[in-house]
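Position chain X against the provided structure of chain Z, taking the given hints into account.
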Amino acid sequence: MAEVAERVGAGDGAVDVPTANDRSPSVHWLPSADAVSGVGDQFRIVGSRCPACGWTSFPPCDWCANCLNGPGLDAFELPLRGTLYSFTEVHAAPERFDPPYILGFVDLQEDMRLLVRSRTTPSELYMGQEVALVPGAIGRTPSGEPLWSYTFVPAGSDD
Amino acid sequence: MTDRVEVAGIGMIPFGRYRSTPVEALASAAAVAALRDSGVERSEVQEVFCGSSFSGSMPGQRILALIGMTGLPVTNVSNACSSGATALREAVTAIMSGRIDVALVIGVDQLTQFRGGTLPLEASDLDAATGLQMPALYAMRAQRYMAATGATEKDLAAVAVKAHKNAVHNQYAQYRREVSVEEVLSARTIATPLTLLMCCPTGDGAAAAVVRRYRPGSGPAVTVEASVLQTGKHRTGFRDLSFSELVGRTAHLAYEEAGMSPEDVSLAEVHDAFVVAELMYYEALGFCPRGDAAALLASGATQVGGRIPVNPGGGLLCRGHPVGATGVAQICESVWQLRGTAGPNQVEGARVAITQVTGGGIRGVDHGACAVHILSLRD
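Chains as they are written, first to last, in the numbering used here: chain Z, 1 to 159; chain X, 1001 to 1379.
Next comes chain Z alone, as it looks inside the complex:
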């Protein structure tokens, strides 16, 4: 079991997030602990950027799909703020995701859109809203362990 390091968020959306350095097997980060981890100021989402053409991608990868530079690209920290492009409250879903849950597309920059879960009440969300990415629990792995990843909240509520 991961040691509880910090309670992130407030009220109903508060979650307990493992330590930034926790690599214990029972802590599962989606897509991986190399791509997303940390709490508070240490929270990072890391993708790749091609040193030759600047093309960015997430999760991290070895080859530039734009210019085929590789293997090996530069690490790239994704912005942690973006715009909510669309979202839905999913009711019919595998039980391990604890439906109903919010799913949304967040545009972090022109060339980076992520599909992100949220624990915010749907009535507080709207398309075009500025949102912030914070760590959060998103369910369980197929084998039943807790699953963490980035989640979005209205920007400003994470301050």
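Treat the hints as calculated values from the structure; they're not laboratory data.
Misleading hints may appear alongside valid ones.
[To be verified] Cβ-Cβ distance ranges computed for the label pairs, FRET-style:
#1 X/Ser1186 - Z/Asp98: 22 to 30 Å
#2 X/Arg1177 - Z/Pro100: 25 to 33 Å
#3 Z/Thr141 - X/Met1058: 30 to 38 Å
#4 X/Pro1120 - Z/Asp98: 15 to 23 Å
#5 X/Pro1014 - Z/Pro154: 48 to 56 Å
#6 X/Gly1116 - Z/Glu110: 34 to 42 Å
#7 X/Pro1220 - Z/Gly128: 50 to 58 Å
#8 Z/Pro94 - X/Met1058: 24 to 32 Å
#9 X/Thr1075 - Z/Asp74: 40 to 48 Å
#10 X/Ser1186 - Z/Pro154: 25 to 33 Å
#11 Z/Pro94 - X/Pro1262: 35 to 43 Å
[To be verified] Here are some chain X residues pointing at chain Z (derived, C-beta under 8 Å):
#12 Gly1117
#13 Thr1118
#14 Ala1129
#15 Ala1147
#16 Ile1190
#17 Ala1191
#18 Thr1236
#19 Phe1238
Only a predicted model underlies this, so the values are computations on that prediction, with no experimental measurement involved.
Built from N, CA and C at the ideal position, the CB exists for glycine as well.
Below, chain X alone, put in the same frame as chain Z:
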């Protein structure tokens, strides 16, 4: 193109739930129906193409063993919801290339094997692992589509109402009961704003077609005027979810191949797996300008008897969507329309049909595969 392929025969089984029937048995019934309809002997079939997404290894060979067709080249095709239409394209290509003259195309899937719920996407796909499935993706499209066009949830419901009304007369449809807008809106929520009746049902089914080289002067025939397959462009960033670039591109290539335009089309079988898809595909197939799909539906133009009937048999929403079977089922229903044997849903004077399937949920892609066919009646 000077050579042509004709659809010599078709057959399908009523789509529904056949949990205790082996998938090979479902498909063999469709295959036999198509062979009988075509008058082609088993010994004349030179190759078989089988489209299926969830039937495991070598479904084609397993099916053919049940009907005494073995020892011939079999190609199994897996392309999600476009599997059946992709199989047809492979058969068309094999004949057009001169390699063969006669092929059997089968499309089949048995979704009741998943015991309900949404279809499993690839576990390695990050979006799927985050909790995305097809209804949620289409739900987010619907939100953007409504915001971009002013379409409402009642407009979404109206697509389902039309589908159900058409399916009453379709003996092959899984759902054959009329519904009202209110019933559609108040059905169980799947992913906002989509309710259960705005989504195609989970079920099983099979359809088949015998295709062969067309010989001019051999009498009335349904020929394939276009057979196009395209893939969504992968984008890491911004993508407009309110318009299907993939379907627009595929349809454009199909019209070009056929030397036709949307005005030439008598009826369309489109991929209405979710109600918003039908609206978006009116636009992508060129039946109305961008943003006008809800108005086109409301005008009655896409009803049987309208200017451009769409899904006159109830579409995926009511026929069902056993994914590999759908592309071939659309061909079956189109051929019956072009032959004039579609019964109460007959589109008067039908001469040209367009079929479109679009499927596959892959991260960053406006669907993995779109296949469009155009069929024409020749005297």
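Structure-based check of each hint:
One distance hint, 22 to 30 Å for the beta-carbon pair serine 1186 of chain X and aspartate 98 of chain Z, holds here, with the actual separation near 25 Å. Between arginine 1177 of chain X and proline 100 of chain Z the beta carbon distance is about 28 Å. The supplied range of 25 to 33 Å therefore holds. Hint check: threonine 141 of chain Z to methionine 1058 of chain X, Cβ distance near 32 Å, so the stated range 30 to 38 Å holds. A C-beta distance of roughly 18 Å is found between proline 1120 of chain X and aspartate 98 of chain Z, which places it inside the suggested range of 15 to 23 Å.
Distance hint for proline 1014 of chain X and proline 154 of chain Z: a CB-CB separation of about 49 Å, consistent with the stated range 48 to 56 Å. A hinted range of 34 to 42 Å for the beta carbons of glycine 1116 of chain X and glutamate 110 of chain Z is consistent with their spacing of about 40 Å. The hint said 50 to 58 Å for the Cβ distance between proline 1220 of chain X and glycine 128 of chain Z, and at roughly 55 Å that hint holds. In this structure the supplied range 24 to 32 Å holds for proline 94 of chain Z paired with methionine 1058 of chain X, their Cβ-Cβ distance being about 29 Å.
About 43 Å separates the C-beta atoms of threonine 1075 of chain X and aspartate 74 of chain Z, a value consistent with the hinted range of 40 to 48 Å. Range check, serine 1186 of chain X to proline 154 of chain Z: about 30 Å between beta-carbon atoms, so the 25 to 33 Å window is met. As the Cβ distance of proline 94 of chain Z to proline 1262 of chain X is approximately 40 Å, the hint placing it in 35 to 43 Å holds. At a threshold of 8 Å, the smallest CB-CB gap from glycine 1117 of chain X to chain Z is about 7 Å, leaving the interface hint in force.
At its closest, the beta carbon of threonine 1118 of chain X sits 6 Å from a beta carbon of chain Z; the interface hint therefore holds under the 8 Å criterion. The closest approach between the C-beta of alanine 1129 of chain X and any C-beta of chain Z is roughly 6 Å, which is under the 8 Å cut-off, so the hint is satisfied. The beta carbon of alanine 1147 of chain X is positioned within 8 Å of a beta carbon in chain Z (closest approach about 6 Å), and the interface hint is therefore held. Proximity of isoleucine 1190 of chain X to chain Z holds as hinted, the smallest CB-CB distance being about 5 Å (cut-off 8 Å).
About 5 Å separates the beta-carbon of alanine 1191 of chain X from the nearest beta-carbon of chain Z, less than 8 Å, and the hint is met. Because the smallest distance between the Cβ of threonine 1236 of chain X and any Cβ of chain Z comes to about 6 Å, under 8 Å, the interface hint for this residue holds. The interface hint given for phenylalanine 1238 of chain X holds, since its Cβ lies 6 Å from the closest Cβ of chain Z, which is under the 8 Å cut-off.
Going through the hint list in order, the structure satisfies each hint without exception.
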